[in-house]
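K.L.:
For reference, the chains in residue letters:
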Amino acid sequence: MLAGNASAPVSKGLMLPRWLTSEHPLPWLFPSVAILLVFGLYPVLYSLWLTFFKRNPATRVEKFDPSWNWSKLVADERVWDAVQVTLTYTFTALILQLVLGMLIALLLDCDRKGFGVFRALMTLPLVVPPAVTGMMFLLMYDGSFGVISHTLYDLGIISKDAPLLANHSTALFSVILVDVWQWTPFMVLIMLAGLRALPRDPFEAAAIDGATDIQAFFKLTLPMMSKIIALAVLIRGVDLFRVFDYVKVMTDSGPGTATETLTAYAGTIYFKSANFPYASTIAIFTLLVVLIVANIFIKIFKVRF
Amino acid sequence: MEQSRTVIIARYAAAIFIIAIFVFPIFWFALTSIKPISAVFDKDGVIWFDFVPTFENYWVTLFGEASIDVNQNTRSDFGTSGGDSYDGRGSILSSIIVATGSTFLSTLVGLFAAYGLSRMSFTGSQGVLNWILSQRFLPPIAIIVPLVFIFHDMGLRDTHLGLIIAHTLINIPIAVLLLKSFIDDIPKDIDQAAMIDGATSWQVFWKIILPMSKGGLAATAVLCFIFSWTEFLLSLFLTNSIRTVPVKITTFVTSTGSEWGYISALGTSAIVPGFIFILLVQSHLVRGLTMGAIKD
Numbered sequence: 001m002l003a004g005n006a007s008a009p010v011s012k013g014l015m016l017p018r019w020l021t022s023e024h025p026l027p028w029l030f031p032s033v034a035i036l037l038v039f040g041l042y043p044v045l046y047s048l049w050l051t052f053f054k055r056n057p058a059t060r061v062e063k064f065d066p067s068w069n070w071s072k073l074v075a076d077e078r079v080w081d082a083v084q085v086t087l088t089y090t091f092t093a094l095i096l097q098l099v100l101g102m103l104i105a106l107l108l109d110c111d112r113k114g115f116g117v118f119r120a121l122m123t124l125p126l127v128v129p130p131a132v133t134g135m136m137f138l139l140m141y142d143g144s145f146g147v148i149s150h151t152l153y154d155l156g157i158i159s160k161d162a163p164l165l166a167n168h169s170t171a172l173f174s175v176i177l178v179d180v181w182q183w184t185p186f187m188v189l190i191m192l193a194g195l196r197a198l199p200r201d202p203f204e205a206a207a208i209d210g211a212t213d214i215q216a217f218f219k220l221t222l223p224m225m226s227k228i229i230a231l232a233v234l235i236r237g238v239d240l241f242r243v244f245d246y247v248k249v250m251t252d253s254g255p256g257t258a259t260e261t262l263t264a265y266a267g268t269i270y271f272k273s274a275n276f277p278y279a280s281t282i283a284i285f286t287l288l289v290v291l292i293v294a295n296i297f298i299k300i301f302k303v304r305f
Numbered sequence: 001m002e003q004s005r006t007v008i009i010a011r012y013a014a015a016i017f018i019i020a021i022f023v024f025p026i027f028w029f030a031l032t033s034i035k036p037i038s039a040v041f042d043k044d045g046v047i048w049f050d051f052v053p054t055f056e057n058y059w060v061t062l063f064g065e066a067s068i069d070v071n072q073n074t075r076s077d078f079g080t081s082g083g084d085s086y087d088g089r090g091s092i093l094s095s096i097i098v099a100t101g102s103t104f105l106s107t108l109v110g111l112f113a114a115y116g117l118s119r120m121s122f123t124g125s126q127g128v129l130n131w132i133l134s135q136r137f138l139p140p141i142a143i144i145v146p147l148v149f150i151f152h153d154m155g156l157r158d159t160h161l162g163l164i165i166a167h168t169l170i171n172i173p174i175a176v177l178l179l180k181s182f183i184d185d186i187p188k189d190i191d192q193a194a195m196i197d198g199a200t201s202w203q204v205f206w207k208i209i210l211p212m213s214k215g216g217l218a219a220t221a222v223l224c225f226i227f228s229w230t231e232f233l234l235s236l237f238l239t240n241s242i243r244t245v246p247v248k249i250t251t252f253v254t255s256t257g258s259e260w261g262y263i264s265a266l267g268t269s270a271i272v273p274g275f276i277f278i279l280l281v282q283s284h285l286v287r288g289l290t291m292g293a294i295k296d
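As you go down the protein sequences, you meet chains A and B in turn.
According to this note's numbering, the first sequence is numbered sequentially starting from 1.
According to this note's numbering, the second sequence is numbered sequentially starting from 1.
What you were told as hints is all true, and nothing was included just to trick you.
What follows is a list of derived Cβ distance ranges for each label pair:
| hint | chain 1 | residue 1 | chain 2 | residue 2 | range |
| --- | --- | --- | --- | --- | --- |
| 1 | B | K214 | A | R304 | 22 to 28 Å |
| 2 | B | F17 | A | L37 | 48 to 54 Å |
| 3 | A | D65 | B | S258 | 42 to 48 Å |
The hints are simulated quantities; they were obtained by calculation from the structure and are not laboratory data.
For every residue, glycine included, the Cβ atom is placed at its ideal position computed from N, Cα and C.
This is chain B alone, in the form it adopts within the complex:
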């Protein structure tokens, strides 16, 4: 159907309007992160662009410089007690370790399970798949206290490994679901031919399935990374000294007020890796998200 010129222009206008609404909160957050404190809190209204940009908030949260004294607007000597409390480097490192570890673990075990469920017919395979997927229905609050006890007994409390396992737990259902739909798409003839030539399932898995599901694997890995990177509740209760970025950022809200400069600087930085990753795999992601629902 040919669209008229008016329709096309209207379509562009509508799209730009919608995108502007959805991007605005992030834009505002990023803008706040380069505002001096006086421009964030203004009694007379909201300051849009009438300020001198500063990267002070990033120096403190990303590079660990001492915080600014709000009243004098100069660098103060907080000493070791308060000086590093807005330093986000440790939490960024923790988030990277946990998200990377859990992404690796969940895609690996998820891929094993997806292969088993996709290629081996056995009684109850649909039941096993449904059971794995139903784990995603769990409200984390229903498992958090027993999980704290178990982690304590196993020495996993407040460790990176513990959090990696916890995030793997929540990522497995989605990983299995996505990867199974990608493996289902690989024609069975290929691995059956290899099997007839004497290949074992293990060889088929490494030599055929793994290379052929690369795109799906990348999309799954990105989703697992983002889920782990953004996870809040388990990270909050399974750790004390280790703080992932989402948990760390909530500590910037104190009884005396919220440090909006540091919150917005660390928060804006936390969005960047996820966005880069999601752009890299977007085409696979859109296909993967249908999870076989449009196949018949």
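Pulled out of the complex, with its shape left as it was, chain A reads as follows:
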């Protein structure tokens, strides 16, 4: 049957409702949105729902008590220790990666022979699975046969009886260094992309006016790259705040709770004491912090995707 009237174009064959045709956004967005709804949003809401149940450890029966887990969270010192560890981890790693990433990008932004190879080699850490990275550094940090430990012994920086990862004062920073090794190349790639896209004219004008390289960097390069830097900080910051793999593989939150981040603590509760409601509360708390901080950041720095 031919559907159509004088004003609409004549179409042949079966007439579908407009929202099912390729001219409507719905069919295009449906597959992605469906996967995200079923396997992403629904589990989050489920986790949120779980936070409203009190778990009785003896009988394992869960009973509705909306404030139980949340007041427990507020009073739990281990949570606030984990917040402190997570913030230290996030900020230290982020600043190191950002500064190193920018410096290395400036260094490698060069068309001379060999720099293409350098840039390619720089991407190597990015393809190492984080679980493998953890292993790699465990091997090198080992107190008795680790190459990093031995070099530091020989240089007299650390003593033999204080293995890096087993020592309260060095464990967290040692894990952070692993993160820096793995993710600084990501920053380098982003910064290189930004540097390569900068227009040449302002720099030539500045050079004619007698500006030094350092002045040009702070007055031209940095402001022109502010958007891309903001985006990089957002992406990395969010990832750092929910770090899991390195801590799990390398220290399992130890020694004591010196490297226990929020997600690591949630993981411990999940899989060691099986208190799903409380573990969900910590996880949802982490998610809320990430969402709030990320949104404020997006607003302030006007990050556009």
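Given chain A, work out where chain B should sit, using these hints.
P.N.:
Relative to chain A, chain B alone:
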């Protein structure tokens, strides 16, 4: 600006120094993988090059030969119980299936969504985009238990398909973001001209957008592949018998010690495919990573 000879030399030296630092851990890992066990554990210090290289660790982890008995340094008959526990072939196959499947699925649905968001203006399109991207903020730990229940009910627990879907879930936001920025770069005039000539959106998508975004598609696919290949937490908790390489490798750490030879051999091998892929698309990747942030 002309650079002096000293500056150029200093620049080369600095670059080589930095690269050496960043490549060293991988080099050390690869070196460990060809060391005999006696050269890995040495009480007196660290052995650098003073050893006879052996490929024994690769034979065990990549080709499934029986493990070496540490004490006698000869091939022992572990039988079926222990003999295949360091055999990484099954996990490599699983990783390939899952990473390939999830790369295909996430780039395909991501490309659909990116086209819809880039070319069709509708109320709330920015909201939909932001919502899709915000999914990347999810700590996997926040969804893992409900996801285990859902997978169990749907029969997806411990299946390759299940893991493909889980990895697609984490890849969709980045795929949509990258692909949308690549499609945004294709001049709208081209597809509008085709539409005026009577092409449907479906035809425009296949005949114009798809061929013109090939480079971006390749870069996105490589990133999705690497994210899936390296993913740990979801793979750990959504499977039992199926083990991807990152999960398998952690089982080489036992209560009696770590099998550093096998860990480094399988780990070194796991780096190779990602590095080859990333080299193939590097130019597109660098452009794609800016994700529209430098456009104005």
